[in-house]
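Assemble the whole structure, with the sequences as input and the hints as a guide.
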Amino acid sequence: MRLLEAALHLAVVLLASPLLLGVIQRTKARMAGRRGAPLLQPYYDLAKLLRKDVVLSRTTTWVFVAGPAASVATAVVASLLVPFGERVAPLAFAGDLILFAYLFGLGRFFTIAAALDTGSSFEGMGGAREATFSALAEPALFLALLVLVSLRGSLSLSGLVGDDTHVLWAAAVAPVALACLSLFVVLLAENSRIPFDDPATHLELTMIHEVMVLDHSGPLLGAALWGAAQKLFVQSALLVRILVPLPEGPAPLRWACFLAAVLALGVGIGLVESTMARLRLRQIPMLLITASLLSAFGIVLLVR
Amino acid sequence: MSAAFAVAAVGLAALSGLPGLALPRDSSAADRIAALLLGLALVCAAVAAVPVASAAAEPTLVLPWRVLGERIVLGVDGLSAFFLLPTFAIPSLASLYALAYWPAREHPRSARRLRLAFGLIAGGAGLVVIARHAFAFLAGWEVMALAAFFSITAEDEREGVRRAGFVYLACTRASTLALVGAFALFHAASGGFALEAITAAPSRALFGLALVGFLLKAGAMPLHLWLPGAHAMAPTHVSAVLSGMLIKLGIYGIVRVASLLPPLAAGEGALVLALGIVSAVLGVAFALGQHQLKRLLAYHSIENIGIILMGVGLALLGRSLGLPELELLGMAGALLHVWNHALFKALLFFGAGAVLRQSGSGELDRLGGLARRMPGTALCFGIGAVAICGLPPLNGFVSEWLLYLGLLHAVQAGGGGASALAPGMARLLAVSGVAMLALVGGLAAACFVKAFGVVFLGEPRTPVAAGAREAPARMLAAMAALALACFAIGLAPQLAVPLLERAVHAFDPALAAAAPRLAAAAPFGAISLAAVALLAVLGALAAWLLRRRLRPALRPLTWDCGYAAPSVRMQYTAASFADGLVRLLRWALWPQLDAAGLSRRPFPGAARLHTELPDPVLDRLTLPAARSLAQVSTWFRWVQRGRVHAYVLYILLAVVLGFLAARGGPE
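Going line by line, the protein sequences match chains A and B. Residue numbers for the first sequence follow my numbering, so the first one is 1157 and each next one is one higher. Residue numbers for the second sequence follow my numbering, so the first one is 17 and each next one is one higher.
Hint data in this document are derived by calculation from the structure and do not stem from the laboratory. The structure displayed is predicted, hence computed values, not measured ones. Certain hints may be false.
Pair ranges (Cβ atoms, derived) [unchecked claim]:
hint, chain 1, residue 1, chain 2, residue 2, range
1, A, LEU1166, B, ALA504, 26 to 32 angstroms
2, B, MET586, A, PRO1406, 44 to 50 angstroms
3, A, VAL1329, B, PRO238, 41 to 47 angstroms
4, B, ARG599, A, GLY1424, 31 to 37 angstroms
5, A, ALA1162, B, VAL480, 51 to 57 angstroms
6, B, PRO238, A, ALA1333, 36 to 42 angstroms
7, A, LEU1160, B, VAL294, 46 to 52 angstroms
8, B, PRO640, A, VAL1329, 50 to 56 angstroms
9, B, GLN608, A, LEU1166, 40 to 46 angstroms
10, B, ALA536, A, GLY1424, 38 to 44 angstroms
11, A, LYS1204, B, PRO238, 55 to 61 angstroms
12, A, ALA1162, B, PRO630, 51 to 57 angstroms
13, A, TRP1325, B, VAL548, 34 to 40 angstroms
Yeah, the Cβ is synthetic: ideal placement off N, Cα and C, and Gly gets one too.
What follows is the structure, encoded as structure tokens:
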């Protein structure tokens, strides 16, 4: 049974993650008064990219291939630590939340290295921004998780989330709200969404994630985009499981509710993206530091 | 038996440079003999250390000499065994590396002296680790410290080397002075010089003096003033030993002294934890702004010493608050990080040395594109870079994870026991520890992706980089051995657990009964499962991507938005990569910007931009203070005339005053 659920878990993260992107894009299109691309457009894009040939710059080395490979591999392994529809994630142990954060760090390391591998100044610029902002997002993520650690007394992601969310909210409204807010900010920053980065922009000077994969093409670009989609899905899943209690009931119901909640969060992200403008690059650190401070404030509220 | 093998290791290492004195100055045989002897020393050390993991009692060796009425005792307990391995492994690999990096025929002037001093560093350090008598400890300490001075100044014809050597010498003298004071207080408390646990509460100054003395050697902020210069100026195989091994002896000293004393006050543990946080954050912040590869690595040593100190501080805090899990995880994380840092920092220095030797430049912004010219070096340096950032699946992650676990336990538990420190304070300290460790991890990743990317990826920025060739086989072999060790501890941390647990129990025997087993407190099996899964997925994916016709028909230039005539000067440089973070940390770093002639008018002429990050403690504080002190001292120059009878008079006066003071004191 556990093995079956683990297989389902993997299938969901591999196959459902592009759908989340589709929902965000559709939401943005509707908000802008357009009909928008079909919900499955990201799948069509991936299928097209995986069939294509590759163009490799003369400058590049093995690192250029390692970037997309690492971004998919780290997201897949990190997904094993987050409970989706099941109560306990396929891989749960004391301290897995640290592994969760550092796995994405590994993926980022190789994505930036692959960007620098091209020798292009634009991609160097994107890599530098990614490195700068993610270094600031890291404390915010850990502080937000610390609020939950203090409340739940568990050192495992599977212990931090649960179906008794109402108890958590009743116990400490302000700290949990602050932690969730700061997790949402980290989610937007880590996945290069508005207000940190605009995934739809076409100006290399202002981009972060898209400019790092500017020179990737064909299956390599497909893998990079797929890895990014998985990362967004996994981090959204964590936030959803902290916010939303899943119903007691048969497994299929729980999984359906889980997927619906993640897609609803996608609609939320789409709404944020439609109603906000991208921040100036100079202001991004301030927002990330604010997120850290919010969580720190939540912890101070808990210390008696 | 164990102790005898440890003594043999010390002897072999200390004498490794001796045969070379009888051979010609440029003899390569002397180099090979020294490397062989250091290799034998490593084998002896391993034979001495490994059985300790399962031994019941501490093997000791009583030497037949008495110093001040006490016999000198040498022993190999868990802590000694744990430190013995890196103490001999790093120098022996460095001597293998030096066969190609620093051959005697290229350096006939300094080869003999350096070889002798290099062996003595390892010998002295080995003696420090097994000494159970204050005099033996200090003797080993001095041999190690002075031998390191002569190794750092191997190229003393260069002005910068002499300067760095002098700063090091001043620091190591100050360190020894503080340690002599600490051991004198230890004698006052215990009545002897044997390094055995004492129960009477000693003077508070004891731990303070020991902390100053050992932190000066460990190079923790703000006592790091010698470290960047010495690491950057020493021959690279010496830098690897300094960073991989020598500065860890400072950590050993703190842990050893703390293990001898009764539980310290909570404030002292909190102080060490806070010092660790400061050192880690500022170390990595200063590393970001460096332009030289070896100097960058040196500042990362300060960062990693900070991480280790956080673990030590957490353990001390746990001990005084009566929280055994904190103590266990903090100390285990700190000690494992000692091993890990020795491995990946030596690896990175070896890589930096290979770059320096093969291209002739260690300036980040003059390099580039070396991965195509030196693929083996690039792979090894890349592995070291991932490891030092604490990223899975390599060894750095395991020790940082242990440390995080300890800090998270502290957040959960607060302070339960009777303590002077408010429980809330301990919690808040642990919370800031977690946040700062996360920040340090992010900054370290930024710094190393920068270093790796700028040196090895992209296009060569200068002709020197374009002309680089792969490093010789013996240098690559030393790097490959270290890279494999990084993988081994990352994938199977269980292998290190028995020795690690013995070391933690040697620090505090009470832990053997009070705390859970290390393997129960920290699920190593899950870590190794995740690491293996990660490598498997990565391998499968890379194989799939490469299978899919990654032999492209097109190999054009990098696209670069359609610009048709890109120049290598257009690439992002190390300075521009780090600019955003350096700007954010401006309030702590005080970067110096010299932009003479930069004009905002149209048609600007030739301009020059120079950025620099002077060391705050050395360049802004100590050197100006030392200059003022030197000025003031000129007023007292008449005391030192170089006349022997005057000095005899001073001695007589001092003795008489001493007697008078003793009579005037309490009877």
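Structure-based check of all given hints:
1. A:LEU1166 to B:ALA504: 26 to 32 angstroms: With Cβ atoms ~28 angstroms apart, the hint holds.
2. B:MET586 to A:PRO1406: 44 to 50 angstroms: violated (60 angstroms)
3. A:VAL1329 to B:PRO238: 41 to 47 angstroms: Once the Cβ atoms are compared, 42 angstroms apart, the range 41 to 47 angstroms for PRO238 of chain B and VAL1329 of chain A holds.
4. B:ARG599 to A:GLY1424: 31 to 37 angstroms: holds (33 angstroms)
5. A:ALA1162 to B:VAL480: 51 to 57 angstroms: Given about 53 angstroms between the Cβ atoms, the range holds.
6. B:PRO238 to A:ALA1333: 36 to 42 angstroms: Hint holds: Cβ distance 40 angstroms, inside 36 to 42 angstroms.
7. A:LEU1160 to B:VAL294: 46 to 52 angstroms: holds (50 angstroms)
8. B:PRO640 to A:VAL1329: 50 to 56 angstroms: holds (54 angstroms)
9. B:GLN608 to A:LEU1166: 40 to 46 angstroms: violated (53 angstroms)
10. B:ALA536 to A:GLY1424: 38 to 44 angstroms: Holds: the Cβ-Cβ distance is about 41 angstroms, inside 38 to 44 angstroms.
11. A:LYS1204 to B:PRO238: 55 to 61 angstroms: Taking Cβ atoms as reference, LYS1204 of chain A and PRO238 of chain B lie about 57 angstroms apart, which means the hint holds.
12. A:ALA1162 to B:PRO630: 51 to 57 angstroms: holds (55 angstroms)
13. A:TRP1325 to B:VAL548: 34 to 40 angstroms: holds (39 angstroms)
Checked against the numbered hints given earlier, the structure breaks hints 2 and 9 and satisfies all the rest.
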